[in-house]
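Protein chains in written order, with the working numbering: chain A, 1 to 288; chain B, 1001 to 1260.
Think of the hints as simulated: they come from the structure by calculation, not from any bench.
Source: prediction; values computed, not measured.
Careful, some of the hints might be misleading.
[To be verified] Some chain A residues judged to face chain B by a derived CB distance under 8 Å, without partners named:
hint	residue
1	S185
2	A204
3	I259
4	S278
5	W281
Think of the CB as a built atom: it goes at the ideal place given N, C-alpha and C, for glycine as much as any other residue.
For reference, the chains in residue letters:
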Amino acid sequence: MSWPPIAIALVAIGLMFVARRLRDPWPKWLLPLATGVVFVCLWQIGAESKSYWVHQDDGTARLVWSSPTPGQTALDMLQPLSDGTILRHSVASLLRIAAGFGLACAIGIPLGLWAGWSLRTFQAINPLVQALRPISPIAWIAFAILWFGVRDGSAIFLIFLSSVFPIVTGTITAVRAIPLIYVRSAQNFGLAGLELFRRVVFPAALPQIITSLRIALGIAWVVIVAAEMIAVDSGLGFLITDSRNAGNYARVAGAMICIGLIGIGLDWSVRQLETLESVRWGFRKIQS
Amino acid sequence: MTERTAPGAASDPKVRIADVSMVFPRKHDELHVLDRIALDVKAGEFVCILGVSGCGKSTLLNIVGGFEVPTSGSVQIDGKPVTGPDPRRVFVFQEYGIFPWANVWDNVALGLRDKPRDEQARITRHYVDLVGLTGFEETFPNELSGGMRQRVALARALAVSPDVVFMDEPLGALDSLTRLQMRAEILRLWQRERMTILFVTHDVDETIQLADRIVVMSPRPARITEIVNVPLAHPRDIGSPEYGRIKNRLYELLGVSHAI
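Based on the sequences and whatever the hints tell you, model everything.
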């Protein structure tokens, strides 16, 4: 085991403690950066602990890395990043997410609004929704292939399944939590039927619906790897399976990092919805 | 009984509350909230309903407004039984009755959806100005103070030219100075538009400053203890002997001594 990663990690941890005691806050990116440095150091230490020397027939010894280091991963990723391979796979994954998640929104939000508003609909569908919700989308893979074949349809179906239940449940909860006073005000001014939904029920529930979309999109992105294990020939999930089969663990780690970074981007984009004027009232300002 | 005149005649009450009782079933027993409340309110009258917290005065208002159905008895407005909420009779709630997802302009215009566009704009303009919110049309409720929010609720209610306005402790959430200003505001608007107002509160001074008549309610199950007339012209001098006399009487009826 070498000492540099340990030393760097200790320096970064030390900086975090110093930052805690400082009166003037440091730049916002400094603390996450320090955490990142510690993580990379731990990764390096872990990878080194899994390496070993092999004595070869000619008397020399060769160091075998059974697990890729951060440096090896970065080197390996240079080529697929520059020739557009990563971009192609990312776009393929995002398109599947868009289709599956879009479908889940198109079905989940109206269904949730309806079941949140009508007690009978709620009583009718909620037990089924709650029973289907804990079943991992991975369990559905067999049926997905049976129904949609080993094509995009299967992957989209799995992503749909992973996100539709959180959306339905979140929307139901959102509608049921609408204060009675809004509904009464609306009825007082003669709003009824679809107009009541459009002008009061939907906007009143929207902040909580957006929160459930955020959760659902996170889950959908988690499931992308499993969904793309079905023999599709593109996507970051496919890249992971494919690299593993080829024994290229550095590429596996690189694709994993890409999934993490794109995940941050997806979450950020949903959070942008929270700043819209018509929903901002529903989100308490959190000190950052 | 003598011959009744046609509905709308001056002698008929605007609102008639006839022996209204309300009982809520509970797990093991029943909760008697209102006990045979009978009250007539004339058109254009400002009536305050005064009682301690939780005595059932809000329940009474909800029944008169058509949001709840009494266990027995009935409510008539203009001689017709109340069957549900109606845009001609508008509620102003203590808080949050206005929509936080819509700006001031859209909130005030809520009840004007069926009118032509230019008329909508004209009426909304008028009432936004009337409650002193000119310049805040694009502002969202969360960026307004409590008093301004209540003005939005008032403007929204008045914009539909209601003949009855129900106010359920509309100033309860405001600080005492804003509350005084808003009382003056409500009086100004009432004197201008002359709608019938039923105003629920537990604030003794508020009732004497606002009402033509004060309906004092007993604790649960609420009955009408007494109806106190306020024969004072507006603006009212809160230091006058008559004011003090009414105040004493109200405290007495509520069963508390105002001298501490």
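_Hint by hint, where does the structure go against what was stated? Just the numbers, ascending._
3
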